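2 protein chains.
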Amino acid sequence: MITGKNLIGFAKSGKGVNIFSSSIAEDGQLLDQSFYEASPAEIDAAVVQAQNAFAVYRFCAAVQKQSFLEAIAEAIAEAKEELVKMAMQETSLPKGRLEGEVQRTINQLKLFAALLAEGSWVKAIIDTAQPERVPLPKPDIRQMQVPFGPVAVFGASNFPFAFSVAGGDTVSAFAAGCPVVYKAHPGHPATSELVGNIIIDAAKKCGMPEGIFSLLQGKTNECSIALVTHPLIKAVGFTGSFTGGKAIFDAAAARKEPIPVYAEMGSVNPVFILPEIMQQQPAALAEKLAGSNLLSAGQFCTNPGIIVSVKSNDTTAFIAHFSDRVKNAVAEHMLTESICKNYASGIKKLQGFADVQVQSSGQENGEKSAIPYMFQISATGFLSNPDLWHEVFGPSSIHVIADNEEELYAVARQFTGQLTASIWGTENDLLTYATLGNELELKAGRIIFNNVPTGVEVTHAMVHGGPFPATTNSQTTSVGSNAIYRFTRAVCYQNSPPQLLPGALKNDNPLHIWRWVNGEFSNGPVA
Amino acid sequence: MITGKNLIGFAKSGKGVNIFSSSIAEDGQLLDQSFYEASPAEIDAAVVQAQNAFAVYRFCAAVQKQSFLEAIAEAIAEAKEELVKMAMQETSLPKGRLEGEVQRTINQLKLFAALLAEGSWVKAIIDTAQPERVPLPKPDIRQMQVPFGPVAVFGASNFPFAFSVAGGDTVSAFAAGCPVVYKAHPGHPATSELVGNIIIDAAKKCGMPEGIFSLLQGKTNECSIALVTHPLIKAVGFTGSFTGGKAIFDAAAARKEPIPVYAEMGSVNPVFILPEIMQQQPAALAEKLAGSNLLSAGQFCTNPGIIVSVKSNDTTAFIAHFSDRVKNAVAEHMLTESICKNYASGIKKLQGFADVQVQSSGQENGEKSAIPYMFQISATGFLSNPDLWHEVFGPSSIHVIADNEEELYAVARQFTGQLTASIWGTENDLLTYATLGNELELKAGRIIFNNVPTGVEVTHAMVHGGPFPATTNSQTTSVGSNAIYRFTRAVCYQNSPPQLLPGALKNDNPLHIWRWVNGEFSNGPVA
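Residue numbers (my numbering), protein chains in the order written: chain A, 711 to 1237; chain B, 711 to 1237.
It should be emphasised that the hints constitute simulated quantities derived from the structure, not laboratory data. There may be inaccurate statements among the hints.
[What the hints assert, rightly or not] Quick list of in silico lysine-lysine cross-link-like pairs, DSSO-like style, CA-CA up to 30 Å:
1) B:Lys833 to A:Lys833
2) A:Lys1051 to B:Lys966
3) B:Lys805 to B:Lys820
Remember, predicted model here, so these are calculated numbers, not experimental data.
The shape of chain A in the complex, shown without the other chains (with noise of 0.2 Å):
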């Protein structure tokens, strides 16, 4: 069933040198399974095929976009048994969990379809003309969002389905119009193959130009920078570490023709915890912040890795509390191994700091697994070293204790760019400290009160993103609708004939979408 090939266009192609491999169980016995990566001249077909796709797909009516969407919506939840297996023998994460991951893909797909529907989403802007305006006529002029063209995207090792080969981006990309070239994370190789599959499958039973949809496989970064590099890619998301979102960023910035980089790369996601509210539940909170920390091996980048609190009796019980739940917890298996190895080396290197305190450890659980662990270090300790101030990407955390509230405010002060920032606090605290919002937004997305930052709603107001390092385009989100905007750009048409106005900016307005016409919000004809 599983081939290991590319999927260039409707075919399968596996005519490159390099081969690597995805060990998946079968009935307890490991298989090596063998992927080829695609070759430079299989990069370029895929690419050269989307580009003929676009030349079809950007004028595709909303409505056959959103069947295109809802199909795969569809085959992807008539697949939810096979797929979330397969997951789970290739990125050891829980049943339970993968299947969450993809009930959340499918509502993604219903999203975008959903959004296609009510269609104002092209933001039209229409501005009439005054031919009688002195000194000069005001020419008529109106606005609305095309597609980019072929954009590629590059699925994280951590959600397989969510943030994959049907995942927001994709997802985003093909309700924009554009078709999408994917390269796999090597992590998943077989489950990419099979949600490729479906996508190939979705596209031919809806009429989908070939090449609307391309599947890489690959293991070296030269296969990723051919991707980006190539001249008609048009724009690049992509989820994962920082070295690997820069490196991506770099090398599009450095293209004769520099393109938009979308890179998800990450963040630490402080969570501030104020005293009233330390003092009432401290037990509570050790419970809820340590279950969104040590869930899945800690391995969302949303994790709350650095929690902030200030001195007192409370912030003791709330640390003893939190410690023993991570005494307790037994290390889970990560994703790749070389994550299991980069967490190792982080805190390895989080130990040798002397004022750096290991409160607690997990208990371990073979090779690939990541022992849970706790550190502790006082906020002058914290703001001195910034070695502390970045992710480890797995189950730990540490615990900043500020002597006073303004040791707090300074930590809030000092980090960079955050996906989100959370604060905990009684209504009291909340108005007493009102002004650490008004800090954290400077420097996340998300700001999130009495709540744990894991979890990503799928909706309109949501902002998965942030100022760098957490994104390389701090005004843009990858979760929710807005996401549809990375991929795409505003044109406007002046003095146009009506007849060759898109639906989107015809006088009689015949979608019945939502345009900002001269000045104000209307959904009926121009007046």
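Once you have looked at the hints, place chain B on chain A.
Coordinates of chain B only, in the frame set by chain A:
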């Protein structure tokens, strides 16, 4: 009155060792006025003051920002005569042209003041909670745009007002909530100082924090790069040459924290004339397009530099009329000596190609002046010579003659990114060539029908931008109200206590703005 010093916050400062001059004529006599290039310490001081100002300015109510912009507009209107006189001396641009530009600058200020007063520009998106949702409750999430931080703006040589000190970049940054460190163009430093003083006075009058605006003088690349690479600068606006813009883009991408650069670098603005309209009015078309091409020595980023048509007797008549117009045109002074030199070398290069025919040239007029030129080449010749695809900034045009419709389309597909692309045609023409606009919309930010590209309407629907190399960010515009989004990013608040929400996101909608609430536009309270 002119000091030649930098405006660092509210103080004048001239501590640099690099001094350059601007020749200002007074009563017929040239005066060499000295200007002090900003020193590294002065640049740092300006940026640090901008950062301090940001801490205050980002919380200013819309009405305060609005008053600030209106105060600048009012003071510019009052100083109009003095400003135009100085700019005439520094730029050689004619009085009428500069008076129009001052009015446009005032209009831009008023547009953004009105945008702030209306308030919906913050793009509030609200998704309310569903506490009963299974398997997990849905949190309350609310998103809006927030300002970036200190912005660096580089003024243009050819628009001493509308794209300079109080021009679109500065004003859209102010409207967004960002302080501006402005780098004056060395082609008109005295005009810049005058407008800079106006902004400082308005800031003081309106109680704005010191540092909201600083103006740096300078002529060297080092000065520009020092500003762009200052760690506290969060975005850059630029209007000018490809060389200048690309150097700034590269420096910004290579920073430890890369920042967005919005560089508008000009284009050849191709114009397509279709057969029937060419038959009906060759002389009138030649008159309009030559007028647009020769205006102000061709020194517009939207200057129509390449004109494409299909071979016919009518086209021959058009060429003859255009040629006459060029022949009779007298060379005009250009903005700066280096622009004039670049123009001369661009012309020389075109003259050196065997298959590029010089159709006509205009009349000489002394040293600093640009002689108009008109060239002609076949479509096949044009397609095979990439050296012809780039802008020659000044009063020249290349007329590309296609043998047939197919060749005309091939030329359209050949262009790289453009600010504008224009199509002239009768209704019949436009329907026959209906897909030409589709080709051009992949290349340009603005598609114009039966109108010249020079003249950029300042309005909501305008896109003054386009794919690289016209700009470094095809998703934005530097003219019109959407220019504000270059300097903002989205932040969302999850489960925020109502008291802590910004006005734009409160349930009762105290600002009475349009918001996207649970997937619908509404200007009322959250139900």
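With a cut-off of 30 Å on the C-alpha distance, tell me whether B:Lys833 and A:Lys833 pass. holds (12 Å)
Tell me if the straight-line CA distance from A:Lys1051 to B:Lys966 falls inside 30 Å. Given pair A:Lys1051, B:Lys966 holds - Cα atoms ~26 Å apart, limit 30 Å.
30 Å limit on alpha-carbon distance, applied to hinted pair B:Lys805 and B:Lys820: Cα-Cα ~23 Å, so holds.
Consistency with the previously given hints is maintained throughout, with no hint failing.
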